[in-house]
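**Q** What follows is the residue order along each chain.
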Amino acid sequence: MTPDGRTPVVVVTGFLGSGKTTLVNQLVKRQGDSLVIVNEFGEIPVDHLLVEASTEKTVALPNGCLCCHLRGDLEETLIGAAMRRRRGEIAGFDRVIVETSGLADPGPVAQTLYADPALARDFKLGPIVTVVDAADFEARKVSREIARAQIVAADVVVLSKVDRAGDAASIEAEVRELNSTVACIRAEFGNVNPAALLNIKPGTDHVFSPARHNDAIRSFALRFDQPVRRELLQRFLSTLVDLRGADLLRVKGFVPVEEGLVAVQGVRHVFDRLRPVSPSQAGAEPVLVFITHRIGHAEVQGLWAAMRQLGQGL
Amino acid sequence: MFLNMKLLAQHTLNGFGGMGEGMSMQLARDGRRVLWLAHESAPKNFTAVDVSDPRAPKVIVQTDLPHAQMRSNSLEVAGDLMAVAYQVTRLGLKPAGFELFDISTPEKPKSISSFDASGPHSRGCHQLWFVDGKTVHMACADPELKPRDPKDDQVYRIVDVANPSKPVAVGRWHLPGTMDGDDAPPPKRLPAKFDAGFRAHNTNVYPERPDRCYLAYIDGGVMVMDIADRARPKMLSHWTNSPPYNGFNHTVLPLFGRGLLVVSDECVQDNGADWPKLVWMLDARDETNLVSVSTLPAPPVDVFRTKGGRFGAHNLHENPPVPGAWRSEDIVVGTFFNAGVRAYDVSDPYSPREIAYYVPPSPENSKTGQIQLNDVFVDDRGIVFTVDRGGGGLYILEMNV
Chain A
0 MTPDGRTPVV
10 VVTGFLGSGK
20 TTLVNQLVKR
30 QGDSLVIVNE
40 FGEIPVDHLL
50 VEASTEKTVA
60 LPNGCLCCHL
70 RGDLEETLIG
80 AAMRRRRGEI
90 AGFDRVIVET
100 SGLADPGPVA
110 QTLYADPALA
120 RDFKLGPIVT
130 VVDAADFEAR
140 KVSREIARAQ
150 IVAADVVVLS
160 KVDRAGDAAS
170 IEAEVRELNS
180 TVACIRAEFG
190 NVNPAALLNI
200 KPGTDHVFSP
210 ARHNDAIRSF
220 ALRFDQPVRR
230 ELLQRFLSTL
240 VDLRGADLLR
250 VKGFVPVEEG
260 LVAVQGVRHV
270 FDRLRPVSPS
280 QAGAEPVLVF
290 ITHRIGHAEV
300 QGLWAAMRQL
310 GQGL
Chain B
0 MFLNMKLLAQ
10 HTLNGFGGMG
20 EGMSMQLARD
30 GRRVLWLAHE
40 SAPKNFTAVD
50 VSDPRAPKVI
60 VQTDLPHAQM
70 RSNSLEVAGD
80 LMAVAYQVTR
90 LGLKPAGFEL
100 FDISTPEKPK
110 SISSFDASGP
120 HSRGCHQLWF
130 VDGKTVHMAC
140 ADPELKPRDP
150 KDDQVYRIVD
160 VANPSKPVAV
170 GRWHLPGTMD
180 GDDAPPPKRL
190 PAKFDAGFRA
200 HNTNVYPERP
210 DRCYLAYIDG
220 GVMVMDIADR
230 ARPKMLSHWT
240 NSPPYNGFNH
250 TVLPLFGRGL
260 LVVSDECVQD
270 NGADWPKLVW
280 MLDARDETNL
290 VSVSTLPAPP
300 VDVFRTKGGR
310 FGAHNLHENP
320 PVPGAWRSED
330 IVVGTFFNAG
340 VRAYDVSDPY
350 SPREIAYYVP
360 PSPENSKTGQ
370 IQLNDVFVDD
380 RGIVFTVDRG
390 GGGLYILEMN
400 V
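Line order of the protein sequences matches chains A and B. Here numbering that gives the first Met the number 0 is used: the first residue of the first sequence is 0, the next is one more, and so on. Here numbering that gives the first Met the number 0 is used: the first residue of the second sequence is 0, the next is one more, and so on.
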């Protein structure tokens, strides 16, 4: 168990008009000490004008979608913010909230935080929060793949505008069909308990319900009752990435190795390095959750079993 | 400026907020947490603050020194006993040594006894360590010794206080060559602008190794001392960084489970004149062969060095083995004067990371115009207490790492 003083980066995603900005405003107002990074898509950057937080701690990344060509800008913004904070040039902040454009797949933001060692020294991925307009779920069918990617990547789904939704329960069921591990929070006018939302750790805090299959999206869990060899775990993950990296939509959880519990996090072909858990995660369940595109539980379980057996002589 | 530390409260201690390097917590019999604080200079001796509610600290007693040519600077609490160090500003003055108090009723500290170390070559006691209720380990002059250089008067001394009303000196050690009559030649002194003396500073002894003292000796480096025979402490190993560095080794904090020593320097000059003053990680798996493996990342030097006042390392939270104190082998917390209080993850000793800091704004009555955080104590709730050397008093912080 090691201390972890890195600043969490909370990613808030969701379609245009779903209520992201309202939610970010609520989080900043009620939780404070956040640096807000706003990413607009389109010629007129308006979203950051709607974020009512102190402007000195709101940074706009103009012209582009985070998942496409702005990863470099995000890296630069975050590293610059950490440097300026340390030098006292900007006010301190305890968390970063990145509000993505409506069309962003949040996966690459997670990949950025995993893959850049300089960034990962000061920052860590916080919860990915996807805002789903409960009143207008049908509209998401227009950009079906992005909508799915946003829900699949989420640690928390905030169902917004439930006051206007006819049947919020059925929308929640549709969300869970894509991501059975996600925590769902219902919000009216962006009102959610920020502590409950921001304190959800990326991983498997919430109850993992049995896998239910969408036509292509699968979710399942591997349980680890005994400590495994770290090297074997690393090879298992590498093999999965080599074979089907593009179809590993989200992998997250905790695995016991000889020296203790490690956190595993990955999005598609990019994984965070295996990190000893922080004190707040010490009691986590030893479970690895997979959300995949057309990869089943049996195949992954089979690969792990085979590698364990073959790896005994290593 | 902050990272993972939040201010819960500040208390300027009735206008006497210039604090030294004595911070110790008492878990009082009635359940209160009382933080005892030594003052940097006259007129105040010590102050007790009820910090049971860290958001609402209350001063419960504040005492005066007998005269202005002295300071208390250091104190330690063990149960209902408190030892307070007395150092005088001119050789020969009294009281020089330490005083023991019964603090079973925190509002009414009662003097039990005094240990007199005054003499023609003595400034008395600068710092003491008292955690077992039976023994005081301290940096204090011994009137039987005559230093070759007056700056070298304070040696490592052991005093048995098992009977608190009759303290008895039982052992001492000094760096060979520093006293009249020594066979060894005098040690080579640092350049005059950095010469702070070959004398003891922190004298830490822990229950994990009651036969060891982790001794910092200002310009003389640091030593692991064998004190199995308290009457005759022996140096087992010696590590120094000066020269080429600028001396003033202050604290040796052992991380027993990890085979590490954390060594802090002390900055003693304003505006970075004695920079660099660092915190060093030593590999002590072989206690007879101390090896430096890294230093804690310094605060941004260009931001702080010439900002005003002192800038650089000073006190560490020393994992005191007493009820109410936080103990960690992975996180080191220290004060850096104008660069505030800082916490480091040393789980990888080759690559320590800064994980938290808090730099308060300059207090209103600061002589240097800057905060000068001097000492730190962390309690077992994870609450960080730190004091300003100027006038800011006590700052109480929550650390989230």
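FYI, nobody ran anything at the bench for these hints, they're computed from the structure. The beta-carbon is built from N, C-alpha and C at its ideal position, and this holds for glycine as well. A hint or two may mislead.
Stated by the list, open to error - As a list, the in silico SDA-like pairs of lysine to any residue whose alpha-carbon atoms are at most 20 Å apart:
1. K93(B) / E143(B)
2. K5(B) / D93(A)
3. K133(B) / K5(B)
4. K5(B) / F92(A)
5. K5(B) / P116(A)
6. K5(B) / P278(A)
Claimed, not checked - Computed, partial: chain B to chain A, Cβ under 8 Å:
7. N3
8. L6
9. V302
10. R304
11. E328
12. Y349
13. I354
14. V358
15. E397
**Q** Hold the hint about Y349(B) up to the distance rule: shortest CB distance to chain A must be less than 8 Å.
**A** 14 Å, violated
**Q** Verify the interface restraint on I354(B): the C-beta must sit less than 8 Å from at least one C-beta of chain A.
**A** Holds: closest Cβ of chain A sits about 2 Å from I354(B), inside 8 Å.
**Q** Check the hint pairing K93(B) with E143(B) against an upper bound of 20 Å on the C-alpha distance.
**A** Roughly 16 Å between the alpha carbons, so the hint for K93(B) and E143(B) holds.
**Q** Has the given pair, K5(B) with P278(A), been kept, meaning a C-alpha gap of at most 20 Å?
**A** The given pair, whose Cα atoms are some 19 Å apart, holds under the 20 Å limit.
**Q** Please work out if K5(B) and F92(A) have their alpha carbons no farther apart than 20 Å.
**A** Between K5(B) and F92(A) the Cα gap is close to 11 Å, so the pair holds against 20 Å.
**Q** Just to be careful, I want the Cα atoms of K5(B) and D93(A) compared with a cutoff of 20 Å; is the pair within it?
**A** OK: K5(B) and D93(A) at ~10 Å, within 20 Å.
**Q** Per the CB criterion, is V358(B) less than 8 Å away from chain A?
**A** 7 Å, holds
**Q** Does L6(B) meet its interface restraint, that is, does its C-beta lie within less than 8 Å of any C-beta in chain A?
**A** 11 Å, violated
**Q** For the hint on V302(B), just tell me whether its beta-carbon gets within less than 8 Å of chain A.
**A** 5 Å, holds
**Q** Closer than 8 Å between Cβ atoms is the bar; does N3(B) clear it against chain A? Give me holds or violated.
**A** 5 Å, holds
**Q** Given the hinted pair K133(B) and K5(B), is their alpha-carbon gap at most 20 Å?
**A** 37 Å, violated
**Q** Minimum Cβ distance from E397(B) to chain A below 8 Å?
**A** 11 Å, violated
The structure fails hints 3, 5, 8, 10, 11, 12, 15 (numbered hints given earlier, in ascending order).
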